[in-house]
Structure formats: C-alpha cells, structure tokens
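Visitor: Residue strings, one per chain:
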Amino acid sequence: KQEVTQIPAALSVPEGENLVLNCSFTDSAIYNLQWFRQDPGKGLTSLLLIQSSQREQTSGRLNASLDKSSGRSTLYIAASQPGDSATYLCAVRRSTSGTYKYIFGTGTRLKVLA
Amino acid sequence: GAVVSQHPSWVICKSGTSVKIECRSLDFQATTMFWYRQFPKQSLMLMATSNEGSKATYEQGVEKDKFLINHASLTLSTLTVTSAHPEDSSFYICSAAPVVRPISSSTDTQYFGPGTRLTVL
Numbered sequence: 001k002q003e004v005t006q007i008p009a010a011l012s013v014p015e016g017e018n019l020v021l022n023c024s025f026t027d028s029a030i031y032n033l034q035w036f037r038q039d040p041g042k043g044l045t046s047l048l049l050i051q052s053s054q055r056e057q058t059s060g061r062l063n064a065s066l067d068k069s070s071g072r073s074t075l076y077i078a079a080s081q082p083g084d085s086a087t088y089l090c091a092v093r094r095s096t097s098g099t100y101k102y103i104f105g106t107g108t109r110l111k112v113l114a
Numbered sequence: 115g116a117v118v119s120q121h122p123s124w125v126i127c128k129s130g131t132s133v134k135i136e137c138r139s140l141d142f143q144a145t146t147m148f149w150y151r152q153f154p155k156q157s158l159m160l161m162a163t164s165n166e167g168s169k170a171t172y173e174q175g176v177e178k179d180k181f182l183i184n185h186a187s188l189t190l191s192t193l194t195v196t197s198a199h200p201e202d203s204s205f206y207i208c209s210a211a212p213v214v215r216p217i218s219s220s221t222d223t224q225y226f227g228p229g230t231r232l233t234v235l
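Going down the list, the protein sequences come from chains A and B.
For the first sequence, the residue numbers in my numbering are 1 to 114.
For the second sequence, the residue numbers in my numbering are 115 to 235.
Treat the hints with care, since some could be wrong.
Unchecked claim - Only pairs whose alpha carbons sit at most 25 Å apart, straight line, appear in this in silico SDA-like list of lysine to any residue:
| no. | chain 1 | residue 1 | chain 2 | residue 2 |
| --- | --- | --- | --- | --- |
| 1 | A | 111 | A | 8 |
| 2 | B | 155 | A | 26 |
| 3 | A | 1 | B | 153 |
| 4 | A | 101 | B | 174 |
| 5 | A | 111 | B | 189 |
| 6 | A | 101 | B | 213 |
| 7 | A | 101 | B | 171 |
| 8 | A | 101 | B | 211 |
| 9 | B | 169 | B | 235 |
| 10 | A | 68 | A | 31 |
| 11 | A | 101 | B | 126 |
| 12 | A | 42 | B | 122 |
| 13 | A | 42 | B | 136 |
| 14 | B | 178 | B | 123 |
| 15 | A | 42 | B | 116 |
| 16 | B | 155 | A | 55 |
| 17 | A | 68 | A | 58 |
| 18 | A | 68 | B | 171 |
| 19 | A | 1 | B | 116 |
| 20 | A | 101 | B | 146 |
| 21 | A | 101 | B | 181 |
| 22 | A | 42 | B | 167 |
| 23 | A | 111 | A | 68 |
| 24 | A | 1 | B | 136 |
| 25 | A | 42 | B | 189 |
| 26 | B | 155 | A | 56 |
| 27 | A | 1 | B | 156 |
| 28 | A | 101 | B | 235 |
| 29 | A | 42 | B | 169 |
| 30 | A | 1 | B | 235 |
| 31 | A | 42 | B | 168 |
| 32 | B | 155 | A | 7 |
Because the hints were derived from the structure by calculation, they are not lab data.
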C-alpha cells in the first residue's frame, strides 16, 4: 500500500529564504508525482508534475526533483515571499496505465513572514 | 484553462438530513471525476472514482450507501451524503479528468474544484 509522507509538517521562515520541502513514498512504482498548493479553505492548484522518467521540473522560483529509486521528491522554493504561504501537498499517481488515482501526502504548512 | 466548479461552496445541515454536492466541469468534458475528503489539518483522501454512465468505484472503507455518487453527464457528478452525522463534517473536493487531454502539458490532466465545506450539527 502506497504511503506518502511530507516533512516538515509545518514551517515558518522569514521572507527571502530558500526552502526545501520533502516528500517520501513507500512504493517506487509510480507513474508520476505532482506538487500542489492549497490555500486555506480552497481547492488545489497544481504547481509541478514530474513524470517517473524525469529527474526534475522547474517553474519560476520552484524546482521539484524526483529520486524514484529512493522514494523521494523535494520541492525547492527560491527567495520565498509572503504570498507563498500555503499548504503544499505532494501526490503520487500509481503506475497502472489509465488509472488517475492520486495518493496525497500529509502536507507541509508554510508561513513566510514579511 | 480548464475550470471545475463545486456547489455549494459551504453547507450547514442538521444531523440525519441528506446533502447533495455538485461538481461541474465548465469548459471541458470529463469521463472520470474523483471525490476526495479532507479533515482539518489532514491530507486529501480519495473516496471514490466516478465514471460517466456507470457505477462509481469506492475506496476501501467508504460506505457506498452513505455516499451516493451519480455521474449522469460528461460535465456533472454529484455526491450525496445521506443521513449525515457530525463525523461527516469535512471538506469535500472533486477533480475531473478531461476526455480530450492536451498533447503537451506541464501538469497532469486532472483539474480540481474549489471544495465544499460541510458542517453537520
């Protein structure tokens, strides 16, 4: 059974710091891994998706890496801003073709202080 | 971009009543929709997979007679929480997978709704 864990559970940093959020999963047979952002009481916004054959993806100040063999992914946020404050979720999609099921991690609640 | 809406955005009901939540894909057709539940400060848990024109597939531990799912068209899926109890209070989020997927995309082809906050008194 796939389990997805995120560390740390919560993080509070001053503006401008570079951050690393961690995600680990127990079953390496994944199709892809996706990082989401969730604002309080809101739905999910997709940030980055990494296919199982890829090592990393970048979008603006965000960089996500994937080490499938060790069951780990990291989300790197450069030069953090107060607007980055949110909960960040990673989710893995099973390897079965045509199956869209995502298993979500426990989330990291980020607060960037001005 | 693709938009998924949910209605209502929040609802408060009395214990024992039934509540219907709608999930609509506004500018695309979705053969598959997913329903998730999120308790406070916890992650999303997949409840069921809804396929247009067929019965929903429920995850282990989710009561299908309590959480009725109807995917009557390619743009609408509904979740009905029957005989709701306070422990059913949660944030319910749906997502939709489009029939026609973009050739190239930086994100997976599954779009999430804004969620519905259910409070059962």
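Visitor: All the hints need checking, so say for each whether the structure fits it.
Guide: Verification of the hints:
no. : hint          : verdict
1   : A:111 x A:8   : 12 Å, holds
2   : B:155 x A:26  : 22 Å, holds
3   : A:1 x B:153   : 21 Å, holds
4   : A:101 x B:174 : 13 Å, holds
5   : A:111 x B:189 : 36 Å, violated
6   : A:101 x B:213 : 16 Å, holds
7   : A:101 x B:171 : 11 Å, holds
8   : A:101 x B:211 : 11 Å, holds
9   : B:169 x B:235 : 30 Å, violated
10  : A:68 x A:31   : 10 Å, holds
11  : A:101 x B:126 : 29 Å, violated
12  : A:42 x B:122  : 13 Å, holds
13  : A:42 x B:136  : 16 Å, holds
14  : B:178 x B:123 : 23 Å, holds
15  : A:42 x B:116  : 17 Å, holds
16  : B:155 x A:55  : 30 Å, violated
17  : A:68 x A:58   : 17 Å, holds
18  : A:68 x B:171  : 28 Å, violated
19  : A:1 x B:116   : 31 Å, violated
20  : A:101 x B:146 : 11 Å, holds
21  : A:101 x B:181 : 19 Å, holds
22  : A:42 x B:167  : 29 Å, violated
23  : A:111 x A:68  : 28 Å, violated
24  : A:1 x B:136   : 30 Å, violated
25  : A:42 x B:189  : 21 Å, holds
26  : B:155 x A:56  : 28 Å, violated
27  : A:1 x B:156   : 19 Å, holds
28  : A:101 x B:235 : 32 Å, violated
29  : A:42 x B:169  : 28 Å, violated
30  : A:1 x B:235   : 35 Å, violated
31  : A:42 x B:168  : 29 Å, violated
32  : B:155 x A:7   : 14 Å, holds
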